[in-house]
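Novice: Could you put the whole structure together from the sequences, leaning on the hints where they help?
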Amino acid sequence: GVETMPFYFNEYKDHESSQTWQVLRAEFDQMLVNNARSKGATIHTGAQVLDLLSEGDQVTGVKLKLSTQETLDIKARLVVDSSGQTGFIANRFKLKQSDPVLKKGTVWAHFKNARRDEGIDEGATIILQTEGKRSWFWYIPLPDNVVSIGCTGDMAYMFAKDRGNSEEIFFQEVERCVGIKRRLTEAQPVTEFMTTKDFSYFTSQPVGTGWMLAGDALGFIDPVYSSGVFLALKSGELVADAINDAFEAQDFSVEQLSQWCPGYRSGVENFRKLVYAFYTPGFSFGNFLRQYPQFKTNLVDILIGDVFKPEVAEMFTVMQEEIPELAMTPGPQVALKK
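Quick note: the numbering used here has the sequence shown finishing at residue 338, numbered continuously throughout.
Since the hints were made in silico from the structure, they are not lab data. Even for Gly, the Cβ is constructed at its ideal location relative to N, Cα and C. The reader is advised that the hints may include incorrect statements.
Said to hold, decoys possible - For each label pair, taking beta carbons as the anchor points, the in silico distance ranges come out as:
| hint | residue 1 | residue 2 | range |
| --- | --- | --- | --- |
| 1 | T297 | K63 | 42 to 52 Å |
| 2 | K133 | A327 | 40 to 50 Å |
| 3 | G132 | L50 | 40 to 50 Å |
| 4 | Q30 | D121 | 21 to 31 Å |
| 5 | K63 | Q97 | 37 to 47 Å |
| 6 | A240 | A327 | 31 to 41 Å |
| 7 | L289 | W21 | 26 to 36 Å |
| 8 | Q48 | K133 | 39 to 49 Å |
| 9 | K181 | T297 | 27 to 37 Å |
Specialist: Laid out in structure tokens, this is it:
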């Protein structure tokens, strides 16, 4: 398999934030919960949302089942759905749509004693293509000598009926990727092999009367450029700002609460187009930049998460001459429904 070349954020933007961290989601999420609690939020753990409370078309709160099995109605001026890929509101209102192009599936596990690179690259996230580019691996170092390793490819290929269980599929793909195989020589899995299928989706409406979507409840693209946590946090930040503005203006209309949506959608679509390009057979970012060196800055901007600048999209206008599908990315224009 072909490994990506090292890419160091601080070489392109000399800033105190020009670094990234690999995080264990359970620990990171707990940090967020603890911070919210310290700011005065009431946290119910082990609770399940049973239903939305409403008056006509206006969502007015949620009905919870607590860990004690007691039910509780919580009234709210606004309900923010951060339920992740569960997508409670999106599924309730039939807003969730699968990406018609990215029909992918993933098998992954955590390993101990996997071989790491040296020096600054010891903690680097690595992307490795398998022979024939039917799939690719992520290799993400974590604390305590643990590495997250996953393999992604078309669902029809990854989960064909004759391929066996998830562990067998994983190691079949390892045999097709020299870079991963040598890193796993002395490694042992420390978790079960897990799978996720058809995980690329978007929602047709991010804001409604009395409700808003944030994080993976709003959409998810693909694991290839690790955009998930970044976009989840960014959408949460934008939703929080929109709520503050609504309280200041005493205007909770869909139009007021949706002002952040067009800019956010455009950034998400930049990520989506980059992912489409990654999966396009025969396309090479290296060849593209050799032909159009003026777009190197645009590509770097996307890779470091600076996707919300209008000029970033200019690259895709040229790129779609080679990849016509880029003109048909499915992310909708923001639909406002009262």
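Novice: Run every hint past the structure and note whether it holds.
Specialist: Tested hints:
no. : hint                    : in the structure
1   : T297 x K63: 42 to 52 Å  : holds (50 Å)
2   : K133 x A327: 40 to 50 Å : violated (23 Å)
3   : G132 x L50: 40 to 50 Å  : holds (48 Å)
4   : Q30 x D121: 21 to 31 Å  : holds (29 Å)
5   : K63 x Q97: 37 to 47 Å   : violated (27 Å)
6   : A240 x A327: 31 to 41 Å : holds (34 Å)
7   : L289 x W21: 26 to 36 Å  : holds (28 Å)
8   : Q48 x K133: 39 to 49 Å  : holds (42 Å)
9   : K181 x T297: 27 to 37 Å : holds (36 Å)
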